[in-house]
Amino acid sequence: MILRLAIGSLLARGLTVGMTVLAIALSVGLFVGVEKVRTGARDSFADTISGTDLIVGARSGSVQLLLYSVFRIGNATNNVTWESYLDIAARPEVDWIVPISLGDSHRQFRVMGTTQAFFERYRYRGGRALEMAQGHGLDDLYDAVIGADVAATLGYSVGDPIVVSHGLASFTDHADQPFRVAGIVARTGTPVDRTVIVSLEAIEAIHVDWQGGAQVPGRRTPVEAIREMDLTPTAITAALVGTESRLQIFGLQRWINTYPEEPLLAVLPGVALQELWQIVGVAETALVAVSAMVVVTALLGMMAMILSSLNERRREMAIWRAMGARPVTILGLLVLEAALMAALGALLGMALLYGALAMARPWIDASFGIWLPIDPPSAREVWVLASVIGGAALASLLPALRAYRMSLADGMMVRI
Amino acid sequence: MTDAALTLSDVRFTWPGRGGFTLSCPDFRLAQGERLLLLGPSGSGKSTFLSLACGIVTADAGKVSVGGTDLGALRSGARDGFRAEHFGLIFQQFNLLPYASVADNILLPLRFAPARRARATNAGAGGARAEAARLCAALTLPDGVMAMPAGRLSVGQQQRVAVARALIGQPPLIVADEPTSALDAAAQDVFLGLLFDQAATAGSSLLMVSHDDRLGARFDRVLRLDEIAATARGVAA
Ligand SMILES: Nc1ncnc2c1ncn2[C@@H]1O[C@H](COP(=O)(O)OP(=O)(O)OP(=O)(O)O)[C@@H](O)[C@H]1O
Ligand SMILES: [Mg+2]
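First to last, the protein sequences are chains Z and G. 202 is the number that UniProt numbering gives to position 202 of the first sequence; each next residue is one higher, with no gaps. 82 is the number that UniProt numbering gives to position 82 of the second sequence; each next residue is one higher, with no gaps.
No wet-lab data here; the hints were simulated from the structure. It should be emphasised that the depicted structure is a prediction, and the values quoted were computed from it without experimental measurement. From the three backbone atoms N, C-alpha and C, an ideal C-beta is built for every residue, glycine too. Be a bit skeptical, because a hint or two may be false.
To be verified - Covered by chain G, per the in silico footprint, the following chain Z stretches (three or more residues, Cβ under 8 Å):
#, stretch
1, 313-319
2, 380-386
Claimed, not checked - Distance windows between CB atoms, simulated:
#, chain 1, residue 1, chain 2, residue 2, range
3, G, Ala-186, Z, Leu-397, 31 to 41 Å
4, G, Ser-42, Z, Ala-351, 53 to 63 Å
5, G, Arg-75, Z, Val-382, 37 to 47 Å
6, Z, Ala-356, G, Ser-181, 55 to 65 Å
7, G, Gly-20, Z, Leu-397, 43 to 53 Å
8, Z, Arg-4, G, Ala-78, 19 to 29 Å
Claimed, not checked - Computed far set for chain Z versus chain G, every beta-carbon distance over 12 Å:
#, residue
9, Met-1
10, Ile-2
11, Arg-4
12, Met-19
13, Asp-95
14, His-136
15, Leu-141
16, His-166
17, Asp-173
18, His-207
19, Gln-248
20, Gly-270
21, Ala-322
22, Gly-324
23, Ser-407
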């Protein structure tokens, strides 16, 4: 009955209570939403590469190497010479090695030169292999395989021509050597979706007439002549390496890192990711703290709302007291009301969040390559909801104590 | 001689705060089943007297006893429970929780008074709710009023619901603080008739205060507050 009366009292003050509940709902939605995006982004990053034991590149920071080689974020400061690549590939520990050559672009998407081995070796999300949605892999010199986002954004299908631009944001095109879309990779939720993949030789081919980053004026080697040339690259950007046995990873890493001919860096993808989290962690913490403050603000708003309602509810309290309710019951009543509002707010907030998630998910995936899972609330989220309700009960203690003292002092005739 | 329903002896009470209002009552006695009207002008301390009598405030000195129990000797929580068990309270107006149904309003004191609840439950077939409905009917409230929010009733109807709430479970003492002041003369008459009938049926004593001495004729005894209590202002500041 007390619960029923508490609910009745809340309903009677529907508008103010509704606004308070809405504020709590929005704050809870925001907080849990930030959590979901945060963990979603982490998982999606961690899912981007699997099965690769070492990433090798020119010596720089391990996070930088991870970012440009796997996530196509930022640029390599230096290349790895083809000789070094062959030396590494010749090591007995190496089971497979996939060279990667970056630096050119097509529209807003990066072009990556590699070998057919990339399609066989690249694994994501716990060991899943790439699959072709349409067409086939790299057969001809001027074949390009594009990711799902590239195809969707630019409306390409198999057979369409592609012109690669020199550099990342340039207006110089390799227009004389157009590519042809040979295949489209099925959506992976990784940067592969946003990549145009061509062969290493093709990268060499389009730069035949280039020297030091500029086209040699007047020189136009015909395509037929290029096809006859030796297109072995002189350098690559990075390489993905798989070892024969996991036990050999560290030995190979040490060998590469101390390679005398050229300063190289080999990193374990997992370790580099950890380092990345440490950097990102500060921003994450700030984000979580801000959204937690929003929750606290909503609870403070609720507290102010209860406090300001106390005066007009004095009569109500006096009735409770006259009917035999102890001051503690009055206190409990107010705490119960606050907990009810917070619980309702938390539920509504979760409903809003899941609704928003369901609607924004494809867009988030398309814009950021993060596929947010719609899971039932995690233990951590349930804990968050419980603490919001607990926090509300705690915040209501101040007005409740005031009501307690008022009900002691008022006696039974409250003047209105 | 049986125990009196209510006695005050050498009671003194001062409202806290500067210039607090002080009321002292050397000797007051209400017999069981008696209907007493206490008269006094506005601000003379009638409500203060009733608050003392039902233990909403406690006397600074002296003794208030109800059916032989010394209220001052009870701890505050126990006193609240005791009040729920032994008193039916009716105020001047705004008696009810407006958002709660009439039924919930009538049953509210039972929530804090197990013995009274047992009496109400055993009063007839159908339990406490049926007893509440019976009281509503006896107080000539319209059918179907039980489920309505109390705030929707007219003032006179609300006062009658307050009577039903005071009477349910037959508490030994009905205390009414100017319950008729919001009603016109005809409605006052009807209201008092119903209150008296039901209090007699329940065997409860009735202590009512008013500033309106025309009501006196229907009571067993009429007292003026200044006959039984001395009041002062600011004495104990
Ligand atoms: N809760 C309270 N706190 C402090 N002083 C109070 C309180 N209630 C009443 N008083 C003081 O006691 C005095 C008597 O008030 P009381 O309500 O007992 O008079 P009353 O006879 O019931 O008046 P009315 O007929 O207008 O209801 C008031 O003048 C006021 O100063
Ligand atoms: Mg009064």
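Checking the smallest CB distance to chain G, is Z/Met-1 really beyond 12 Å?
Z/Met-1 not clear of chain G: closest Cβ-Cβ about 6 Å, inside 12 Å.
Whether chain G covers the stretch 380-386 of chain Z (at least 3 residues having a Cβ closer than 8 Å to its Cβ atoms):
Violated, because only 0 residues of the stretch 380-386 of chain Z bring their Cβ atoms closer than 8 Å to Cβ atoms of chain G.
With 12 Å as the threshold, tell me whether Z/Gly-324 passes as away from chain G on beta-carbon distances.
Given that some Cβ of chain G is not farther than 12 Å from that of Z/Gly-324, nearest at about 2 Å, it is violated.
Distal placement of Z/Gln-248 relative to chain G, Cβ over 12 Å:
At about 75 Å from chain G, Z/Gln-248 clears the 12 Å cut-off, so the statement holds.
Test the statement that Z/Asp-173 is away from the interface with chain G: the closest C-beta pair must be farther apart than 12 Å.
holds (74 Å)
Closest CB-CB distance from Z/Arg-4 to chain G, is it above 12 Å?
violated (7 Å)
Taking the minimum C-beta separation from Z/Ala-322 to chain G, is that value above 12 Å?
The assertion about Z/Ala-322 is violated, with a minimum of 5 Å to chain G.
Distance restraint evaluation - G/Ser-42, Z/Ala-351, Cβ atoms, bounds 53 to 63 Å:
Given about 54 Å between the Cβ atoms, the range holds.
Three or more residues of the stretch 313-319 of chain Z near chain G by CB distance under 8 Å?
holds (count 3)
A cut-off of 12 Å on Cβ-Cβ distance, and Z/Ile-2 was said to be off the interface with chain G. Does that hold?
Its Cβ does come within 12 Å of chain G, the nearest being 7 Å, so this is violated.
Hey, is Z/Gly-270 genuinely clear of chain G, shortest beta carbon separation above 12 Å?
The claim holds: Z/Gly-270 sits with its nearest Cβ about 59 Å from chain G, beyond 12 Å.
Check on Z/His-207 being off the interface with chain G, judged by Cβ distance over 12 Å
holds (80 Å)
Comparing the model with each numbered hint stated earlier shows that hints 2, 3, 7, 9, 10, 11, 21, 22 and 23 do not hold.
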